[in-house]
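With chain L's structure known, arrange chain H on it following the hints.
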Amino acid sequence: MSSSTHILIAVLALGAFFLIVRLVRLKVLKAKYSILWLTVGSGLAIVSAVPQILDWAAERLDIWYQPTLFLLLGIGFLLLLCMHFSYELSRMENRIRTLVEEIALLKEKLEKEN
Amino acid sequence: MKTAAIVPAFNEAESLPDVLQEIKQAFPEHLIVVVDDGSTDGTSEIAKEFGCVCLSMPFNLGIGGALRLGFRYCNEKEIERAYQFDADGQHDPTQISLLLSGLQKADMVIGSRFSEENSYEVGRSRKTAMSFLRFLIRLSTGHKFTDTSSGFRAFNKPVIGLFSEEYPLEYMDSVEAILIAVKNGFNVREIPVQMRERSAGQPSNRNFRLIYYFLRLLIVIFVGSRRKTEGKA
Numbered sequence: 006m007s008s009s010t011h012i013l014i015a016v017l018a019l020g021a022f023f024l025i026v027r028l029v030r031l032k033v034l035k036a037k038y039s040i041l042w043l044t045v046g047s048g049l050a051i052v053s054a055v056p057q058i059l060d061w062a063a064e065r066l067d068i069w070y071q072p073t074l075f076l077l078l079g080i081g082f083l084l085l086l087c088m089h090f091s092y093e094l095s096r097m098e099n100r101i102r103t104l105v106e107e108i109a110l111l112k113e114k115l116e117k118e119n
Numbered sequence: 010m011k012t013a014a015i016v017p018a019f020n021e022a023e024s025l026p027d028v029l030q031e032i033k034q035a036f037p038e039h040l041i042v043v044v045d046d047g048s049t050d051g052t053s054e055i056a057k058e059f060g061c062v063c064l065s066m067p068f069n070l071g072i073g074g075a076l077r078l079g080f081r082y083c084n085e086k087e088i089e090r091a092y093q094f095d096a097d098g099q100h101d102p103t104q105i106s107l108l109l110s111g112l113q114k115a116d117m118v119i120g121s122r123f124s125e126e127n128s129y130e131v132g133r134s135r136k137t138a139m140s141f142l143r144f145l146i147r148l149s150t151g152h153k154f155t156d157t158s159s160g161f162r163a164f165n166k167p168v169i170g171l172f173s174e175e176y177p178l179e180y181m182d183s184v185e186a187i188l189i190a191v192k193n194g195f196n197v198r199e200i201p202v203q204m205r206e207r208s209a210g211q212p213s214n215r216n217f218r219l220i221y222y223f224l225r226l227l228i229v230i231f232v233g234s235r236r237k238t239e240g241k242a
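First to last, the protein sequences are chains L and H.
Residue numbers for the first sequence follow this note's numbering, so the first one is 6 and each next one is one higher.
Residue numbers for the second sequence follow this note's numbering, so the first one is 10 and each next one is one higher.
The shape of chain L in the complex, shown without the other chains (with noise of 0.2 Å):
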């Protein structure tokens, strides 16, 4: 990889990584989707400081062009990322659901008390 490349990478990671931490520190996002995405920050990092790692998998793995794998561990991430989200959504759509009937009938008991 050129040193350009590096430079773009190293930048990025570096941003993520503030942006991460402030957005922790606002408590916007949840700590365990922080350790994630700082994982994902350090890694990044890593890479872009020592690209020899990347090269070197890629070899092992037969890869000829090194940021296809770089490009594959990505893609393969963040469609794991998706299905998680997707699970949180069901289960999240289905406690609102159970809340929504818990204040129904919730609200009728105190209707007939009063």
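Source of the hints: derived by calculation from the structure; they are not laboratory data.
Every value quoted in this text rests on a predicted model; they were computed, and no experiment measured them.
Hints may be right or wrong, so weigh each one.
What the hints assert, rightly or not - Using 30 Å as the maximum straight-line C-alpha spacing, the simulated BS3-like pairs for lysine-lysine come out as follows:
#1 H:86 <-> L:117
#2 H:33 <-> L:114
#3 H:57 <-> L:112
#4 H:86 <-> L:114
#5 L:112 <-> H:33
#6 H:114 <-> L:114
Frame of chain L, contents of chain H only:
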């Protein structure tokens, strides 16, 4: 025997008074549970005026959610049998005792409108869609149902208990509910009943949603329907 009518209502202020009046007149001993699915037209006020139990949800959850709440209420109050009754006036109260009598031989009774003795006309695409659904349900349950979308149904206590937790919440709940009941070992029967034309409102099935329907139902049928519901999660 403690009997309850579950009436899901979403903006049905126009037709609801007649419906409630008719049920009360025919069966004063039945507990009427109106589930107001986030209506904005005073539906719940009408239900209260008539002295019904009114469960009002803060926003619209769809008919599946409304029904599940109705079942949950009946389950908590230890109702022994319940029937589902539409608020739009398409169901005929004179058919209620016929429906309930079916519970002597089954756990869940569906009042079917597609029988020889009445002539209810439906559109062609809906007809095709429904015959496909019937086929799928026959395939997965081994039983034949002629009117899987009928909302005129009666349930005994164990089925109320099941549906209070497992009633399908998404669109096409009526079909999925049959599948869930059958797969949980309940005896579901269909009996022919008279129905009226809808007095107000639009039929809820729309063509462009049918494809989505079928895909979802296919998944429900073939991936297995013993799905966990949140409450316990």
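Going through the hints against the structure:
A hinted pair counts as satisfied when its Cα atoms are at most 30 Å apart, and residue 86 of chain H with residue 117 of chain L qualifies at roughly 14 Å. At most 30 Å may separate the alpha-carbon atoms for a hinted pair to count; residue 33 of chain H and residue 114 of chain L meet this at roughly 22 Å. Simply put, residue 57 of chain H and residue 112 of chain L have alpha-carbon atoms about 13 Å apart, close enough for the 30 Å limit, and the pair holds. With a CA separation close to 12 Å, the supplied pair residue 86 of chain H and residue 114 of chain L stays within the 30 Å bound.
Taken as a hint, the residue 112 of chain L and residue 33 of chain H pair is honoured in the structure, with Cα atoms around 24 Å apart against an allowance of 30 Å. Pair hint residue 114 of chain H plus residue 114 of chain L does not hold up; C-alpha atoms about 35 Å apart against a cutoff of 30 Å.
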